[in-house]
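Protein sequences, first through last, are from chains H and U. Using the working numbering, read the first sequence as starting at 1 and increasing by one per residue. Using the working numbering, read the second sequence as starting at 1 and increasing by one per residue.
In case anyone wonders, no lab produced these hints; they're calculated from the structure. Just so you know, even glycine gets a beta-carbon here, dropped at the ideal spot from N, CA and C. Mixed in with the good hints there might be a few duds.
Claimed, not checked - Dumping the calculated PhoX-like pairs for lysine-lysine here, alpha-carbon to alpha-carbon at most 20 Å:
# : chain 1 : residue 1 : chain 2 : residue 2
1 : H       : Lys64     : H       : Lys45
2 : U       : Lys24     : H       : Lys372
3 : H       : Lys148    : H       : Lys439
4 : U       : Lys92     : U       : Lys24
5 : H       : Lys415    : H       : Lys302
6 : U       : Lys186    : H       : Lys167
Said to hold, decoys possible - Beyond 12 Å from chain U on every Cβ pair, some chain H residues (computed):
#  : residue
7  : Val31
8  : Ile132
9  : Asp138
10 : Leu151
11 : Ser172
12 : Glu237
Next come the chains, spelled out residue by residue.
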Amino acid sequence: MGTPPYRIWEILNRSESGRFMEEKEFVSTRVIPELRRVVKKYGVKYDPSSPVNVDDSMADSVWKAAVEAFLSIGVYNKSNHRLIEFTEDEIHEALLGLPGQYLFGAGKDARPFIARKVEDSRPPFMLFSPDITYDEHDHFLACVAFLKEPLLDGLCAPILEHFLGNKINSHSPSELGGSLMHAMNLREAARLVGRPGIHLVAVGTAEADSSQIHVSNDQYGIRTTDSRLVAITTELETNNELLNKGLHYQQYGCYSGNLAGAIYGGYAGGAEGTAVLQTAYHLVGTLLYSSHYEQNFPFHLKYLSNTGREMLWVVSVYSQAVARNTKIPQTSNGFANAGPGTEMLYYETAAHSIASTVSGANLWEMAPARNKYPNRGTPLECRLAAEVGYGAALYGLSRKDANSIVDRLLKKYEKDIPDAPLGKTFREMYELEKAVPRKEAVEQYRNMVRELKDLGVPFPY
Amino acid sequence: MSFVERLVHVVKEGNIEESAKLVKKSLEEGKSAQEILKQVTGALREVGDAFERFDVFLPEMMMAADAMIEVMKVLEPELKDQGAGTIKAPAKVVIASVKGDIHEIGKNIVVTLLTANGYTIFDMGADVDSLEIVKTAQREKADVIGLSALMTTTMPGQKEVIDILKDMGLRGRFKVIIGGSPTSRKWSHDIGADGWARDASEAVRVVEELLKSR
């Protein structure tokens with residue numbers, strides 16, 4: 001079942017005809033003061049002793065604050081300095097039409113993708129994603145290594161930084177070439193591991209709208225059973241190129257997700273404003289881009305991660321706000337501080353997976369090493385997130401119990417966040433030619449699972 | 001509490017309107033413009049330090065910097081009258097997110113902190129053509145060019161600006177500092193930039209060092 005695009009031409013026309021405003025005025029008279037106002041009005045308050053929110057009324061306050069902020073701020077089109085504004089009736093109409101579930105992928109590899117509820121016993125959709133660039137000569141085998149993972153329901157692939165030996169330059173022929181190579185590697189890797197219809201989110205190499213349009217092809221590129229991302233930029237801003245992408249995805253007929261990361265410490269201020277803004281982004285995705293789901297990656301301005309105590313509260317409370325009040329399917333994208341092959345990364349991954357799963361999110365895991373360093377991401381941390389997600393859902397983990405477990409996990413790593421270890425590269429963790437983890441990496445993984453079980457982390461087996 | 005003490009307080013709070021009023025009252029109270037400037041600069045530095053520790057967030061830092069701009073509007077003529085000469089900005093920085101890159105918050109934080117430290121900033125915004133950056137730096141007689149890139153695919157835009165500076169025979173005229181999440185000291189070295197900063201606070205220190213070495 002699909003979602004009808006929401007009045008796309010009425011909304012897109014507003015991006016041309018809306019009120020003129022300079023960007024600085026938008027930030028200083030709308031974004032900052034309105035977020036502060038609604039946080040105060042609805043009594044949104046971060047509680048450090050509760051990294052997983054257990055208070056339904058707090059989640060609902062965040063939702064109400066987000067709706068009010070979205071209506072009073074709107075979205076800014078940087079291309080022509082116009083405001084795109086919405087009405088409360090439009091929010092009601094757009095949300096009413098949501099089916100709450102899709103079938104992602106094709107044929108035998110298709111998987112249900114749903115809007116989960118808080119403490120839902122249905123397992124999250126497991127979207128594996130290292131969210132980082134890989135060397136060109138490792139890219140295909142890295143795709144194979146990820147796609148071999150049995151718990152994977154979909155893949156947002158490793159990204160290419162080079163194409164035919166040259167560094168990809170945004171908006172140039174090298175980006176179009178690299179984007180096509182990215183799509184072709186994914187499709188071939190999926191066929192090779194016997195999952196030709198698996199859901200792909202692609203292609204991250206394509207920054208330009210022209211590059212995204214270039215790879216839309218059912219035969220060799222990104223199919224209508226796959227999905228694509230369209231971003232909203234910091235904060236509550238778009239531009240014509242992003243609007244072009246959103247429109248293309250609708251007209252091509254594929255699924256799309258709104259890629260949104262509210263910044264903790266930025267214009268939104270602290271945890272409260274960040275949670276409200278991240279919640280409001282779900283409305284941006286639904287009404288502005290007609291996105292089918294929200295891809296959430298709120299992050300800490302200084303650490304570029306979302307596994308710290310305040311960030312896990314943000315993740316849990318906005319996920320609950322959305323799950324309790326809408327049928328918008330959401331994914332929770334983990335950004336860890338530590339790199340692959342470190343104990344800290346596994347603690348962080350388990351904490352993020354638990355906080356997200358019990359709060360109604362699907363999983364999009366895991367970007368290690370602050371999502372900064374090429375080749376530092378492996379399927380192992382994604383596997384751990386998926387196992388923990390299954391465990392939390394199947395055992396019916398409550399938010400209260402999740403809170404205790406996450407608190408124990410945080411005590412293992414939160415002091416190390418400022419100087420988190422960089423860890424290892426994909427090649428150091430994997431036998432590349434076989435696309436399997438090295439013996440010592442497997443051994444470490446097993447030891448970590450044992451330790452996490454001792455800490456109370458739920459696993460399905 | 002004296003007017004100067006209250007002024008320090010409202011600058012920290014980012015109360016723009018009150019800042020301008022209090023600086024006038026402080027002057028009427030007989031305080032010298034130089035003394036007021038010293039106090040307010042100290043207050044702003046405290047806000048900057050608090051932002052680095054994350055005791056306050058970007059909105060508070062931005063508002064304090066805006067309040068400082070208002071304070072300076074009132075103080076500058078007084079300083080001139082008192083024979084202290086015009087407050088001379090330490091340098092002019094032309095800054096942009098490079099071609100193809102629509103991300104601006106990192107660059108905007110650098111702008112805020114450099115402004116708070118007294119630099120004159122020409123902010124070109126995001127997704128700016130490389131040649132346009134060079135021409136603007138020439139026209140504005142900039143001392144420093146700051147280039148931000150948040151995507152691996154937009155990092156070549158930083159190199160392109162430096163290559164154009166070389167091709168136009170202008171490389172020695174400007175100090176070039178780069179930054180952005182995927183960039184590194186090695187990348188900075190590889191493309192021939194003069195400096196690299198991992199975050200906004202470091203960017204202020206690097207600019208200061210680069211200007212000392214001129």
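Next item on the list: For the pair we were handed, U:Lys24 and H:Lys372, check the Cα-Cα distance against 20 Å.
Entry: The given pair, whose Cα atoms are some 48 Å apart, is violated under the 20 Å limit.
Note to self: Check the hint pairing H:Lys148 with H:Lys439 against an upper bound of 20 Å on the C-alpha distance.
What the structure shows: holds, 17 Å
Notebook entry, point to check: Are all C-beta atoms of chain U more than 12 Å from that of H:Ser172?
Noted result: violated, 8 Å
Next item on the list: Test the statement that H:Ile132 is away from the interface with chain U: the closest C-beta pair must be farther apart than 12 Å.
Entry: Since the minimum Cβ distance to chain U is about 9 Å, H:Ile132 lies within 12 Å and the statement is violated.
Notebook entry, point to check: In terms of Cβ atoms, is chain U entirely out of 12 Å range of H:Asp138?
Noted result: Non-interface label stands for H:Asp138: nearest chain U Cβ at 15 Å, farther than 12 Å.
Check: Are the Cα positions of H:Lys64 and H:Lys45 separated by 20 Å at most?
Finding: holds, 14 Å
Notebook entry, point to check: Keeping to a limit of 20 Å between CA atoms, is the pair of H:Lys415 and H:Lys302 held or broken?
Noted result: Distance ~15 Å between H:Lys415 and H:Lys302 Cα, so the pair holds.
Next item on the list: Would you mind confirming whether the straight-line C-alpha gap from U:Lys186 to H:Lys167 stays at or under 20 Å?
Entry: holds, 15 Å
Next item on the list: Verify that the Cβ of H:Val31 lies farther than 12 Å from every Cβ atom of chain U, and report whether the claim holds or is violated.
Entry: About 9 Å separates H:Val31 from the closest Cβ of chain U, which leaves it inside 12 Å; violated.
Notebook entry, point to check: Taking only the CA atoms, is the gap from U:Lys92 to U:Lys24 under or equal to 20 Å?
Noted result: violated, 28 Å
Check: Can we confirm that no CB of chain U comes within 12 Å of the CB of H:Glu237?
Finding: violated, 8 Å
Margin query: A cut-off of 12 Å on Cβ-Cβ distance, and H:Leu151 was said to be off the interface with chain U. Does that hold?
Written below: holds, 29 Å
Hints 2, 4, 7, 8, 11 and 12, counting from the list given before, are not met by this structure.
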